[in-house]
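Visitor: So the chains spell out like this:
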Amino acid sequence: MSLPPFANEPVLELRRAPVRAGLADALREHDARGPLEVPVWVGADKRSGDALVSTDPGTPDRVVATSAAATEADVDAALAGATGAARAWGNRPAGERADVLRRAAAALRERRLELAALEVRECAKPWPEADADVCEAIDFLEYYARGALELAEGAELLQVPGERNTMAWRPRGVCAVISPWNFPVAIPCGMAAAALGTGNTVVLKPAEQAPGCAFALVRALREAGVPPDALALLPGEGEVGAKLVRDPRVHTIAFTGSSAVGLEIVRAAAETPDGQPHLKRVIAEMGGKNCVIVDADADLDEVVPALVKSAFLYAGQKCSAASRVLCHAAIHDGLVERLAGAVSVLEVGQAEFLDVDVPPVIEREAAERVARYTEQAEGTGRIAARARDVPAEGWFATPAVATELPAGSPVLEEEIFGPLLAVERVRDVEEACDRVDASPFGLTGGLFARNPDTVDRVVERTPVGNLYVNRAVTGAMVARQPFGGNRRSGTGTKAGGPAYLLQFVEPQVVCENTMRHGLVV
Amino acid sequence: MREAALERELLEVGRRLHAALPAATRNPLAAADEKAMELAAQDAELKAALFRFVDVVPACRSLDDLARHLTGFLGEVESPPPPVAVALRMGASRAGRKALGAASAAGVRHMAHRFIIGESPQAALPTLRGLWRDGVASTVDLLGEATVTEAEAERYAARCEGALAVLPAAAREWSERPALECDGAGALPRANLSVKVSALTPLLRPDAPARGQRDAAERLRPLLRSAREGGAHLHIDMESLDSRDAVLELVLELLGEEEFRAGPSAGMVLQAYLRDSPETLDAVLAWAEGAGAGRAHPLTVRLVKGAYWDHEVVEAAQHGWSAPVFQEKADSDRNFEELSRRLIDARGRLRPAIASHNLRSVAHAIAYNRLTGGDPLDVEYQILRGLGDPIAQAIAALGLRVRAYCPVGDLVAGMSYLVRRLLENTSNDSFLADQAKGVGVEELLAAP
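Residue numbers (our numbering), protein chains in the order written: chain A, 1 to 521; chain B, 522 to 969.
Chain A with its partners taken away, still in its complex shape (with noise of 0.2 Å):
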């Protein structure tokens, strides 16, 4: 079987007016429609409740979605459901896991506004990245989809006369999805589509605060033909993560979110309790303190916009966000001014609005951080700029640009994930890439420069996972920018990339001996 080679979603071309005009009734059915009902969703079986309440971070008394938490119970009837279910799933001809991967993408083609709806409303996404978000989401199906008939072909290993060898990868069996809030659609699914497109069974725990957009990708998975056994929805707290994590029926534990919830999760599954044939294999995708170096001769008309877009899009809230500037020292102070003013005219509001720069972090917690950090800035250092008018409801942090801090400030070292740009001076590159491999994080790198010795030399040196050279450092697109970090930003896989679908798999050769008395079959 071959399909028609992979080609990324188009986004919506938002420069055009008549599609912009289609947003607002997205929006308008969307609220129409009331808050979504979430199931815990294991099997046939939906469990509805309010134990969860999502709502909209710009307007906290909207709520989104009310949703069950899953129990112990919930947790033990999935994982023997998803159990019971690997052996028929893993056995289903590739061709036919493909086609169930692709039907559930066109769904969420079918429905892209509606999706980007969701988001807009339940994470404060806006609408640009909203629906970059759903076409990324469809990008993970098609993409995986592809990749894993690929895989079904095996490897091609030397042939001598009288053995016959073959290699192939199998379904390791059960795989945790544990997702973040921030890319509510595309990562669960992408890690989902992954693990099942591979013939893994699937457990999804997605994050207490994007319930709804979870369901809405379980019931496109499901209505596309993945059997309810081998794909079920947990949605709850941490200790429901915790829980799968820790379940000797789990092979492989497919994980985005924070630091300190990664690096549990890797000591967790280390563990080998009585009753586990296996080891655990953990894919983490986790945080950063992403870094962009700007050389004496970059192009600031370029620098700005893309700093600016790197660090507040979304409110800085994207793991790959730019949160240090490492700047050359011929051009720091202009870069700053100019950087401030572009920062000082940041329209911060609800997300649903197109001219909004900048919306709300994702809840009270996130904002009170934000501020935390902003005023260690200002006590330690400089804050150069504030985007002026913030509203006053909601979970709102203000976007800012610090300087002057001084080294080991909290404000250089630990993951702010939030509108809070730190701009330092350095000698020059060299330096720079200094700092970059002083940090224990390797994400995302920026670099602006425009000898191409520099760039050859920064590529050389830098730990990074994914460098971006004179652009901007978010937007991976899959199959262009596979995406992952590495050092203890995560376990160094990429997303959307050749390599990915070999983490849910378990590679095994067979060599047999063809040659019988003499006679070689």
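Please note that the accuracy of each hint is not assured.
Covered stretches of chain B (chain A as the covering partner; in silico rule of three or more C-beta atoms under 8 Å from a C-beta of chain A) [unchecked claim]: (1) 567 to 580; (2) 642 to 652; (3) 669 to 679; (4) 719 to 728; (5) 739 to 750; (6) 759 to 773; (7) 838 to 845.
Source of the hints: derived by calculation from the structure; they are not laboratory data.
Quick reminder that beta carbons are idealized off the backbone N, C-alpha and C, glycines included.
Once you have looked at the hints, place chain B on chain A.
Guide: Chain B alone, transformed into the frame defined by chain A:
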């Protein structure tokens, strides 16, 4: 009108234009100082290397730094021609780098000065006066950094105000040039300034034009007033499709306001490489008969092919959108002729300004205007300073009104402009390249 008659007239006008090209510059790429461009036109890698170098010159901090950049770029050229090999050898020593840096900086400055006529409007006045004396009107474009802050928008607006003070005052002293000063619709200002909306606001967002439009309007209205009071023409330039609708809407809205009915003379730009440019013209024509009908000065529409072709194609490809521009140059050329005719048909309601260096495109407009009974001065021709000077002279020699687009500003600000011009100049299917290759007049005038 019969196509055959138009083609006959076009050929005749074209031959006369060609004959009127100044002899020494019939081949605009042949001058000795343009060896680099000639080399570049033949080798895509070398072209990229040289353009990236030109682009980075203002950001280099020393001759050594310049030389290191130059050799860095040239080092990526796979099979360097002899002059490049020499440069690379020079780059190996400190003294060599100093010499190489100085030579290359001088080369880039020289090239920039061909396109950029002065650091400020004041400094540009002698050139503008010289053009006028030679029968060529001008429009001044103030080059600058991108506007990302309010302060930058204010600075750009202030520079525009400055130009609107300096230019009309100086132009009053120029001698009379009837062909440049009036058409069937009335008098034409001598002073003419082209402005960019994206430079007037840091808030122009492709996905959400309204906020940027409001902000730009706050700075554009005073400029319109100053232009009216000083008796200058204000032309609103067009950039990429990202801002096209926002700019068009803003211009038509402001010019339709009661306050600006009496003036100033103003204009906008139509880009023929855009597939939907015919619909844009529909909108402009509808406006000219509606909200814009009572204006004292008909709206000038500068018809160009468009200077952001690569940008548009790349932007669309990266997003999976269909390209908004014609992929084939011939399609753009045909559309240009189509739009020329519609604009010329609308003379009186609009002021057509045909901006092209293509002999055929220019001859086509002249011929069409003549065959449809227009006064020769009802159509204006525009060219870019530094590229279209020979054809400007030829157009002027025919007694027609021609205007040169003259960038003003410092070298730093001018680089992106310069690179765009160089791209045009060395593009394989450019008219100027054909002309430089010595392609015959019949072929230059052949239908696209």
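Visitor: Mind listing which of the numbered hints don't hold for this structure, in increasing order?
Guide: Per hint list: 2 and 5 violated.
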